[in-house]
Amino acid sequence: MTRAPRQLARTSLTVLATLWLGVLAVAVLAPGLLTGRDPLEQDLTASLQTATGEHLLGTDRLGRDLLSRLVHGTGTVLWGVAVAVVVAVVLGTVLGLIAGYFGGLLDAAVMRLSDLLFAVPGIILLLVVASTFPNDVTIAMTAFGVIMASGLIRVVRGATRSLRAEQFIAAAKVAGLSDAQILWRHALPRLLGLVIVQASLIAAVTVVTQAGLAFLGFGPPPPAPTWGGLMDEGRAVMAQSAWPLLPPGAAVALTVLAFLLIGDAVRDRTTGAWSTSKLARPNRRRSRIASGEADVSASPAVLKVRGLSAAIPDRVTFAPRTVVTDASFEIDPGEIVGLVGESGSGKTVTALSVLGLTPGGGTVTGGSCMFEGLDLVRATARQWRDVRGRGIGYVAQDSALSLDPSLRVGAQLAAAVRRHTGVNRRVARSRAAELLAAVELTDPAVARRYPHQLSGGMAQRAAIAYALAGSPRLLIADEPTTALDMTVQASILALLRRLSRDRSMAVLLVTHDLGVVAQLCDRVVVMYAGQVVERCTTDELFTGPRHPYSAALLAADPSRARFGQPLPVIAGTAPVPGAWPRGCRMADRCSLVTDQCRAAEVPLLEYAHGSVARCIRVAERQDAVPVS
Amino acid sequence: MTRLVLRRLAWSVPMLLVITLLSFVLVSLIPGDTARAILGPSAAPEQIDAVRAQLGLDQPLLQQYLSWLGRAIRGDLGSSLLTGVDVSQLVNARLAPTLSLITLATLSAGVIGVTLGVQSAVRGGRLGRLVDLASMSGLAVPGFALALLLVAVFAVRWPLFPATGYVDFASSPGQWLHALVLPVAAACPGAATAVAKQARDATLDVLDREFVRVMQANGVPRRTIIYRHVLRNAAGPVVSLLGVVSASLLGAAVLIENVFALPGLGSAAAVAASQHDLPVLQGAVVYFTLIVIVIGLLVDLVQAWLDPKVRLR
Amino acid sequence: MSSHDLLEISSLSVAYQGRPVLDGIDLTIAPGETVGLVGESGAGKSTLAWAVLGLARPSAGRIVFDGQDITRAGRRGRRLLSSSLQMVFQDPYSSLNPARRIGDALAEPLLHRRDLSRADRTRLVEESLRRVGLPGDAAQRFPAHFSGGQRQRIAIARALVGSPRLVICDEPVTALDLSVQAQIINLLAELQSELGLSYLLTAHDLAVVRHLAHRVVVLHRGRVVESGPTDVVWTRPAHPYTRALLAAAPVTDPVAARAAAAAREAVFSTTVGSAPPESAGGCAYAHRCAFAEARCRVERPVPTPTPDGTVVACLRQDELPAR
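Residue numbers (my numbering), protein chains in the order written: chain A, 1 to 628; chain B, 1001 to 1313; chain C, 2001 to 2323.
Wrong hints could be hidden among the right ones.
Label-pair distances were calculated between CB atoms; the ranges are [to be verified]: (1) B/Leu1069 to A/Leu105: 25 to 33 angstroms; (2) B/Asp1205 to A/Leu19: 41 to 49 angstroms; (3) C/Gly2042 to B/Gln1063: 55 to 63 angstroms; (4) C/Gly2309 to A/Trp184: 49 to 57 angstroms; (5) A/Phe102 to C/Arg2118: 26 to 34 angstroms.
What the hints contain is simulated information worked out from the structure, not anything from laboratory work.
Ideal placement from N, C-alpha and C gives every residue a C-beta, glycine not left out.
Start from the sequences, fold in the hints, and give me the full structure.
Following this line, the structure appears as structure tokens:
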């Protein structure tokens, strides 16, 4: 199903739900519009009828009109819902806000109260209340509202706590706003959607509970009609006819559904609830990918990417949107290549696509990735098993989240070793220790720790060890040092350099940091707006970048600038996928732009042996030749 | 870990006190005189006063509560005002059906819900949508309504299962299960769909974490990732919800026991409430609260076992 | 200390759950000056910024702003300060409430000013937006409408709306892409020369501090280890920690980077991941310092002025090899 019909189905359901609640409102305010009959009028000659023209929903044992009884019972239901919801929402929101915002003792007290309310055997207490104040819906539902506040307190408190960490709350404090102002202006608007969702759930539960109470005989006294009471009456005659159960049962179910649907619609609108799975699915459309020119030249490259394109479904329309076009580069054994670009340039998508794990549910749409003679774009699940981990290892940016938080580091490493080599447990454990030693984690205690017990630098070392478990020939590292301190970053980069040298392992380093490139990389691939715009050696990039974007990026680096002088900047921002201009994608921000730049796609032009730039002005100055 | 349990247990004492006091006060507010209810409307005022004094009803409320508490601590929950049966005995005898019902319902809701939820999260698309819809309709049909329907179909129309009654597990496990099929089937759907929804959300949440990608990129098979790593990390919120669900099943049990005439704690409480039988009601409150507290404790223990961050705190 | 200083912090300590986060900090900022705070995570950079703004509670010491002791300023005092003392936060996504219009966010520092009418506030908000290079009608929009760089401009506009004298910039460009980062750095510099602002600037990226700061203060585990004019500290770092930090800074020049990598071996001690001892006395850097002696672990170094015009807290500062 694509998003559009799904959304439509959802909207129409929401409309139906609203309509149903509207009908209920009419039943309360103007019952005469729905039925002309008296709910108490008996007609023993018409006892236990099913739907007829006379009695649209049939009759009960005493021949009373079920539709009329249902309609006249609605008021009690909605009043009870209103009371319970208002009580629960006011209590839950106020206490939750206070607990979450102020924390400390106040928080502890409110949480104890919430625990207490949770432990209260709700329905029993309701029975007690109902027999204390017989037939008083208001008091019973007030009590129910208090009990239901427990959940809301927790939800609101949790949301408020995470809200408190937001910088706009700090900004409001700096602006001199009082706590009450901050709660009113900042917390409440953010929580509104959440509270409405919870309120709709509470409304639904209240409908059921209220019906249940009346069913047990704790509702308004007979002969006054209530939905639960109708079901109780229906039960009494069940042996003769099951029909009288149906109308009240359906009314309860529809009302509950209506509340749930409306709550769901609000949740979708406020949270945009769909999350993105990082678990890629097996690509079943492998064969349909347009074949790139499979490169069979006998170059020694460990990885040869040719014309790689990737698309990711749009978050709203689900239509595939191209985010990488025609990426080409190669990596020799033992070589460290930097894949550089700003956010949205497609560098991470490219790196993950090499592994067949295009993020966001995306797919490779064209090109080839030759890894040791195997085209990864067309690899089968069985072939991938030999590539991922054993041929290519992967290290992610956020080291603290890179390992399973519920298992010890050593156990995870040992499991990886076993998977890749098939050795027994004991050997795997000692290999795991060797791996940790290889990343300079020599303290044996590290293996027994959980990931959250490691510092950022140690966690990144452990993550690197994990990627090394299958002795890969290529390591793909996505911003491996971005989250780390400067001195830690330097040591991790030194480690990567040493590992690459000692194991003659190639490294594809995805980064936005030119400093990291300068320190570590032999060659560089610069990406901009989904394209490779320059490919050259590190020295060439830093001494004479050919593409205006590379040049501007270098110039904007404050460490190369002169103190007191403004930094040369690139005006504007990079175009996002889907908004790429025709021709050169940098044209709008480039100082060298000519009409020709916007006329047609610009190819990569070779300006020195093996070095290329995607700029037609390169050709003006050099004897450049187009390459793929 | 031990500290966690101890703290939890220590906290449950004041909780019990507050809840029993609350219900004591509420029950005392019930209109109508217990003594008159026992003696009948024709009793002389002196007789009524005598019974009131005998029951301790002429003392201040707090006094009454404290003496009830004093006896309750020694295991004496008093005796029913109407039948004279010892409340502890009565309640103990009523415990088995209720516990059987909520345990079976929680277990089946857990298994069905987790399976559905995880499958829908991993496969996504239509199945996810279906679980969404199912969870709504599952919650929409009240357990007791479903119970009536099940009775109408599987006991009245096709008498496959008994419409009412309960058989002890000890006397015949087969018949025990047979008697509980319909009650559990009535209680389960609402609970199962709530679990499914939570399992789906929790699984999706874990699937969005970095380590899933790292594992897949480093060659861990999909199935291993899902069943060994994702499931374990998604279990926390699901276990929490199972706690909430089984506690709320206690409420549903009152109604479902009523429909199926199961001699459980819930139906005892309902009857006691309608007959103003204070000691029985109070005894039921104590037991229900204890059950909820035990459920909370179990949830905490499982959480701690699953999550090293909790365990090592 | 000069009486002209806009901000004067003396012996400031802040503790969190019984552990000292800041331990006896001295720092001054003159009008129109930018002071850069440098150090790794956990050094206390943000805590210092938050203490000045009253978002963290000092356990000892004094903060004087514009001649007025604000160390324990209450809610009312903070409200009066909020125009002249402002902050730009790190995360342009988290620092603006997505549920509120830009205009509402910008008007907040003006809300308590009774002398301003609603129209005045609107005028000031639009002026401030234009000053950072955004159209005045941006006030009607929601944050979701803007890119990261634009949001950081908005955050700067919010700080400027009450005509502040000191703006605390906590990692103002860390979350931004390089090309956008340069725009914001230039904007901060322009605004300073136009409005005579003072900045207290923290940044992960040392190059940003070097580019913007007149003076730099190096923090390590809650203490100042070195402070002085930026170019002096950069060219002749005295404290071993400052040296290690500068040596670790990535250099965007491959030749220099390779030379630095070799030099780094000499500066770093080889122990990886060894936890710092929780010792009360001694130099907090001693366990990682390549030059540490026995006395470094027991005797706490006192900040001492050097002939270069910097202040250094190292027992062996006169004995260390020159750099």
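Results for each hint:
At roughly 28 angstroms, the beta carbons of B/Leu1069 and A/Leu105 sit within the given window of 25 to 33 angstroms. Between B/Asp1205 and A/Leu19, the C-beta spacing of about 34 angstroms breaks the proposed range 41 to 49 angstroms. Between C/Gly2042 and B/Gln1063 the beta carbon distance is about 59 angstroms. The supplied range of 55 to 63 angstroms therefore holds. About 50 angstroms separates the C-beta atoms of C/Gly2309 and A/Trp184, a value consistent with the hinted range of 49 to 57 angstroms.
The supplied range of 26 to 34 angstroms is met by A/Phe102 and C/Arg2118, whose beta-carbon atoms lie about 31 angstroms from each other.
Violation of the numbered hints given earlier is confined to hint 2; every other hint is satisfied by the structure.
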